[in-house]
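Novice: Chain A is already provided as a structure; the job is to place chain B on it using the hints.
2 protein chains.
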Amino acid sequence: MPNAYSLDHTVLFYETEMTGQMGIGRLVDLLLLASEGHSDSLGVGSQEVQKLGLGWVITQHQLKVKTLPQRGQKVTVKTQAQNYNSFFCYRDFWLYDEAGQEMASMHSVFVLMDQEKRKMTRILPEVVAPFEVEKTKKVERLAQPQVPANPSNQKNYRVRFMDIDENRHVNNVHYFDWMLDSLEADFLLNHQLIEMNIVYKNEVHYGQEVTSIVQVDDSTTYHEIRCDATISCLAECKWQTR
Amino acid sequence: MPNAYSLDHTVLFYETEMTGQMGIGRLVDLLLLASEGHSDSLGVGSQEVQKLGLGWVITQHQLKVKTLPQRGQKVTVKTQAQNYNSFFCYRDFWLYDEAGQEMASMHSVFVLMDQEKRKMTRILPEVVAPFEVEKTKKVERLAQPQVPANPSNQKNYRVRFMDIDENRHVNNVHYFDWMLDSLEADFLLNHQLIEMNIVYKNEVHYGQEVTSIVQVDDSTTYHEIRCDATISCLAECKWQTR
Chain A
275 MPNAYSLDHT
285 VLFYETEMTG
295 QMGIGRLVDL
305 LLLASEGHSD
315 SLGVGSQEVQ
325 KLGLGWVITQ
335 HQLKVKTLPQ
345 RGQKVTVKTQ
355 AQNYNSFFCY
365 RDFWLYDEAG
375 QEMASMHSVF
385 VLMDQEKRKM
395 TRILPEVVAP
405 FEVEKTKKVE
415 RLAQPQVPAN
425 PSNQKNYRVR
435 FMDIDENRHV
445 NNVHYFDWML
455 DSLEADFLLN
465 HQLIEMNIVY
475 KNEVHYGQEV
485 TSIVQVDDST
495 TYHEIRCDAT
505 ISCLAECKWQ
515 TR
Chain B
275 MPNAYSLDHT
285 VLFYETEMTG
295 QMGIGRLVDL
305 LLLASEGHSD
315 SLGVGSQEVQ
325 KLGLGWVITQ
335 HQLKVKTLPQ
345 RGQKVTVKTQ
355 AQNYNSFFCY
365 RDFWLYDEAG
375 QEMASMHSVF
385 VLMDQEKRKM
395 TRILPEVVAP
405 FEVEKTKKVE
415 RLAQPQVPAN
425 PSNQKNYRVR
435 FMDIDENRHV
445 NNVHYFDWML
455 DSLEADFLLN
465 HQLIEMNIVY
475 KNEVHYGQEV
485 TSIVQVDDST
495 TYHEIRCDAT
505 ISCLAECKWQ
515 TR
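For the protein sequence lines, the chains are A and B, in the order given.
If you want the working numbering, it's the 1-based position in the first sequence plus 274.
If you want the working numbering, it's the 1-based position in the second sequence plus 274.
This is chain A alone, in the form it adopts within the complex:
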């Protein structure tokens, strides 16, 4: 089935955190390895898309976590391109343990960006045709994360040279790091993430300083990454105590 792809991975020592479990940003990096691999396998990888002056950009992830893998654990990622409309592509991801039990899943929204104009552009049929998925008129109306209206904490972070990839984008994992590090160790060591809804609104760039704002309401946390007056991304997380 050209619309699906899977890969195996063994969780590495540098992908885990103080908790002994894989970090959330690392988990999402791993899931996205599968979509990158899927596109590459069909000859429409990021380098091909770049030649057209375009680049895939993620606008939203809805992540659900049952169990986080541990160091040394063998896991399988499966991904499936679902369908697309004029501007949005919808893709699902699943993480399985060695016994085939589902550990996590994610629903993501991708858009195509004109690299020069740095603006969203219509989905070009040729970059999606190899996946053999249905074009639809439907636009998914996904829940949007609430803005943290009563912040409990905020921390500043600077976008570093090594945070930027070849396409001059800040890799996803850094947004997760900025958001989650603004929660105290005490909270992170005593809670495990069960859901995250994250929306990316505006790019940040090398050298910029971002503010990570968080509101903790028991086991729900609301996050905002802001650069000057601009909201870069918003997220809403649900947690359970360990």
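Among these hints, one or two may not hold up.
Just so you know, same-sequence chains aren't split out, so a pair can sit in one copy or run between any two.
[Claimed, not checked] With a straight-line Cα cutoff of 30 Å, these simulated DSBU-like cross-link-like pairs (lysine-lysine) come out: (1) K325 / K348; (2) K340 / K325; (3) K340 / K475; (4) K512 / K391; (5) K338 / K512; (6) K340 / K352; (7) K348 / K391; (8) K348 / K411; (9) K429 / K475; (10) K340 / K411; (11) K429 / K325; (12) K512 / K475; (13) K338 / K352.
Hints in this document: simulated from the structure, not taken from any laboratory.
Specialist: Chain B only, in chain A's frame:
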């Protein structure tokens, strides 16, 4: 040969930087994957060593780089435990491309730390016996990096939750990130690292703020990571223009 071990790797999208090449911290993480794998394969991996109340800590790396791998490139890491004395273990690493050409090499010094006392302790014969390497009376006198006496720049970084591993240590890659990010993008985009000599002196901990101090002398850079009045690590790097 029990004293040697190798592993294959394909360079992933999130291991590369704006330059299109693997980041230096990522490269060292990859090399250390091989020493971790080597120890695991002989039944003396970090979890076994931890049961003895101990942990391996790196005190020095001398890295030489000929070419840095690019995204998607297949590489092989080889590592060899060389010999050890009462307190220090010496290990070498090599990175090869698909044609067997050497891309990089590293000589590293490991010590055993008592996890509770947070102090260096004598090398226990049982953790090195499986490698079948020679015990020697010799202590290597390796060149020490110069302290940056006339800094060109300095930046502050905070140790984040996700920088810490299961053993409560700050993963090596973050020291590299703090040191290299204090160089401007202009320098990093126009120079490639050819040598790095890095010495780790004192641990840093979650939540601490470190200052990354750098002195640029043409194509040699001197680095210091300082936490309050304590020097955490020193490095000396040689670069060539791209």
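Novice: Hint by hint, say whether it matches the structure.
Specialist: Going down the list of hints, with the structure as the test:
In the homo-oligomer, the alpha carbons of K325 and K348 lie at most 30 Å apart only across protomers (23 Å), although the nearest pairing inside one protomer, at 35 Å, exceeds that limit. In this assembly of identical chains, the alpha carbons of K340 and K325 lie at most 30 Å apart only when taken from different copies (29 Å versus 39 Å within one copy). In this homomeric assembly, K340 and K475 come within 30 Å of each other (Cα to Cα) only inside a single copy, at 27 Å, whereas the closest approach across copies is 40 Å. With identical chains, the CA atoms of K512 and K391 are never at most 30 Å apart, being 36 Å at best within one copy and 37 Å at best between copies.
In this assembly of identical chains, K338 and K512 lie within 30 Å of each other by CA distance solely inside one copy; the values are 9 Å within and 45 Å between copies. For the identical chains of this complex, K340 and K352 are intra-copy neighbours only, at 16 Å inside a copy versus 37 Å across copies, given an alpha-carbon limit of 30 Å. Taking CA atoms no more than 30 Å apart as the test, K348 paired with K391 passes in neither setting, with 41 Å inside one copy and 34 Å between copies. Within a single copy, K348 and K411 get their C-alpha atoms no closer than 39 Å, and across copies no closer than 41 Å, so neither meets the 30 Å cut-off.
For the homomeric pair K429 and K475, the shortest alpha-carbon distances inside one copy (19 Å) and between copies (28 Å) are both at most 30 Å. Proximity of K340 and K411 under a CA criterion of 30 Å is satisfied in neither setting, with 33 Å inside one chain copy and 52 Å between copies. Taking the closest pair of Cα atoms, K429 and K325 never come within 30 Å of each other, the shortest separation being 38 Å inside a single copy and 37 Å across copies. In the homo-oligomer, the alpha carbons of K512 and K475 lie at most 30 Å apart inside one protomer (21 Å), although the nearest pairing across protomers, at 40 Å, exceeds that limit.
For the identical chains of this complex, K338 and K352 are intra-copy neighbours only, at 15 Å inside a copy versus 38 Å across copies, given an alpha-carbon limit of 30 Å.
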